[in-house]
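K.L.:
First to last, the sequence lines map onto chains A and B.
Its first residue numbered 1, the first sequence is counted upward by one per residue in UniProt numbering.
Its first residue numbered 1, the second sequence is counted upward by one per residue in UniProt numbering.
A couple of the hints might just be wrong.
[As the list claims (entries may be wrong)] Using 25 angstroms as the maximum straight-line C-alpha spacing, the simulated SDA-like pairs for lysine to any residue come out as follows:
1) B:K218 / A:L77
2) B:K218 / A:I6
3) B:K167 / A:I150
4) B:K167 / A:D144
5) B:K218 / A:R121
6) B:K83 / A:V115
7) B:K83 / A:E145
8) B:K83 / A:I6
9) B:K221 / A:R127
10) B:K175 / A:S61
11) B:K83 / A:S155
[Claimed, not checked] Chain A residues, not near chain B, derived (Cβ > 10 angstroms throughout):
12) L64
13) V67
14) R91
15) Q129
16) Q149
17) L177
18) T274
These are computed hints drawn from the structure, not numbers from a lab.
Glycine included, each C-beta is placed from N, C-alpha and C at the ideal position.
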Amino acid sequence: MDGYVIAQQLVNGLVLGAIYGLIAVGYTMVYGIIGMINFAHGEIYMISAYLTAIFLAVLLSFGLNSVALALLLTLILAIVFTGLYGYVIERIAYRPLRGSNRLAPLISAIGMSLVLQNYVRLSQGSRNQGAPALIEGAFRFGSDEHFVQITYIQSLIVIVSLISMGVLTWIIQRTALGRACRATQQDITMAQLLGVNTDRTISLVFVIGAAMAAVAGVLVTLNYGSFDFHIGFVTGIKAFTAAVLGGIGSLPGAMLGGLVLGLCESLFSGFVNTDYKDVFAFSILVLVLIFRPSGLLGRPAVEKV
Amino acid sequence: MHPSSRAFLSLVAGATALFAAHAASAAETIKIGVAGPFSGAYAAFGEQQWRGAEQAAKDINAAGGVMGKMIELAKGDDACEPKQAVAVANRLVDNDGIVAVAGHFCSSSTMPSSEVYADAGVLQMTHGSTNPQVTDRGIPTIFRMCGRDDQQGVVGAEFVINTLKAKNIAVLHDKTVYGKGLADAMMAHMKSLGLQPVLYEGLTQGEKDFNALVTKVKAAKSDAVYFGGLHAEAGPLVRQMREQGIDAPFVSGDGIVSEEFVLAAGGPQYVKNVFMTFGADPRRIAAGKALVEKFRAAGYEPEGYTLYSYAVIQSITQAIAGTKTTDADKLAKWLKTHGAQTVMGPKSWDAKGDLKVSDYVMYKWNDDGKYEQMD
């Protein structure tokens with residue numbers, strides 16, 4: 001086996017895993033704080049892809065000729081707008097149901113996902129949409145015949161994911177907002193009694209999760225150039241798997257889960273068989289859950305008294 | 001007679017009259033179902049289908065309809081999903097009371113739904129389902145307006161081997177009835193010419209990242225890639241190939257015959273050296289010249305399956321006019337003996353419901369991101 005091929009598959013898996021990890025953060029944070037799965041999260045990512053294409057088109061048509069600046073502005077705008085979506089979704093689909101049994105918000109989340117998918121389909125059309133390839137080229141290592149390459153966009157994906165994860169970890173560990181999040185996660189009633197505005201904190205978690213999905217949406221749109229209203233589904237399920245694999249509720253777990261899943265898929269697909277790539281990925285998930293039910297980095301749930 | 005029983009009788013009479021009136025109004029139009037992927041990732045093909053069918057119904061009605069009745073279309077959206085296709089088929093048959101159906105598009109939808117139509121005695125004609133099994137299962141009332149994958153695959157294989165002179169061929173597919181069927185047909189012919197593929201694998205529909213597979217294609221030193229599948233996956237696949245430095249020709253079938261393929265690939269710079277098989281461009285056929293102009297004047301380019309769909313409605317209508325019934329068996333018998341005059345020229349069918357003449361040719365995508373027939 002050619003060393004370049006192995007290295008190339010590792011690069012492929014790393015990039016894929018970075019995206020899964022970014023989206024998995026949204027699942028894991030929402031689960032951490034209110035103990036439910038936000039099944040509309042994949043749709044947030046899909047919406048971000050649309051927003052990216054729209055913002056890029058608008059910015060570039062206004063004569064903004066610096067690609068770097070256009071990308072930065074697009075990223076910020078996408079985060080703002082997608083964050084708004086996250087906020088509104090929480091207000092409509094989850095807050096009114098808080099305190100009801102666990103099934104109700106689960107169903108409303110699935111409903112929300114269908115609403116968003118079809119709302120995008122009706123407003124934007126069901127066709128494939130495309131974004132122009134803004135950044136082309138790659139870093140290549142090796143000879144002309146045999147080389148490992150990581151395209152500029154792929155490197156951007158890895159770097160931006162690392163930065164986003166770093167910023168997020170800093171927010172959760174070091175800021176007052178993060179402290180409120182951790183307090184709410186530990187015990188929502190107690191946090192409330194001690195003066196934490198838990199409603200605002202929960203909204204904030206949805207907004208943060210959406211912002212991370214927004215980053216993923218921007219990066220993926222740049223990388224693959226094509227998307228449709230349906231991309232949130234498969235990617236959402238994969239990211240959810242990554243979150244569970246890493247230990248749902250754990251932030252580093254989401255990143256690790258994403259990487260493990262991305263690498264598993266890539267290596268299995270590259271060296272065994274693409275047909276059964278998903279079978280393999282989900283078998284890993286099942287095995288991890290059997291032998292380590294709380295995921296790779298998750299702590300077993302402690303009964304709160 | 002007791003007054004109340006008289007009232008009851010008149011009520012019954014009234015209801016009967018109402019029912020009769022309703023039945024009469026229902027019989028004033030001839031309903032034809034149009035089933036296909038009007039939503040979902042393959043909605044582009046659904047749009048081509050609907051444009052064609054809608055225009056055909058409009059033109060036929062403007063010319064006086066058929067047997068003095070107007071044609072009415074009932075739309076059924078299967079999103080290219082087999083389960084939804086069966087639900088749509090049941091709805092079209094039970095609620096909409098269709099007498100014939102144009103569709104479905106995806107072979108994986110056409111096959112399960114065809115059993116519903118066959119049971120209900122509804123004639124079915126698909127404009128784009130190319131899997132051999134569609135007609136090979138022996139349903140007497142199913143037809144197609146397109147070729148078969150075992151014909152398409154042969155043309156594709158001949159092209160890859162004889163024209164491109166490729167030796168290390170990677171055969172990929174999307175694991176669907178259509179995509180895998182086409183790839184298998186291609187591979188069967190390739191093997192009969194004494195060539196084994198260097199790679200044969202399936203990717204997952206709905207995903208966008210095929211980099212791992214592409215690296216594998218590269219490691220296998222493939223000098224041509226054959227893909228059985230649709231444009232939504234073909235686009236990212238070909239782009240990722242080019243990005244990883246594989247310039248080998250990319251050959252596919254009629255699943256990418258939409259300008260959306262370029263969009264899915266991320267721009268015309270990625271679709272160089274891409275080829276596909278498709279029926280001879282119907283827009284070039286003299287019979288359809290006026291219609292093509294009409295579509296273009298209305299600002300719509302009748303690409304891909306638009307004219308196929310138009311021709312399906314034409315054929316069904318001609319059979320109804322020819323037999324003066326809507327009985328599926330009689331319609332089928334009539335079509336198999338008479339054929340139809342369509343916007344794509346005269347068409348005739350064999351005993352299975354396949355076209356007697358299939359006309360697959362190679363197309364090439366050019367630098368502007370348009371496809372053109374190769375001569």
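K.L.:
Which of the stated hints cannot be reconciled with the structure, identified by number in ascending sequence?
P.N.:
Hint check: 1, 3, 5, 7, 8, 9, 10, 11, 15, 16, 18 fail, others pass.
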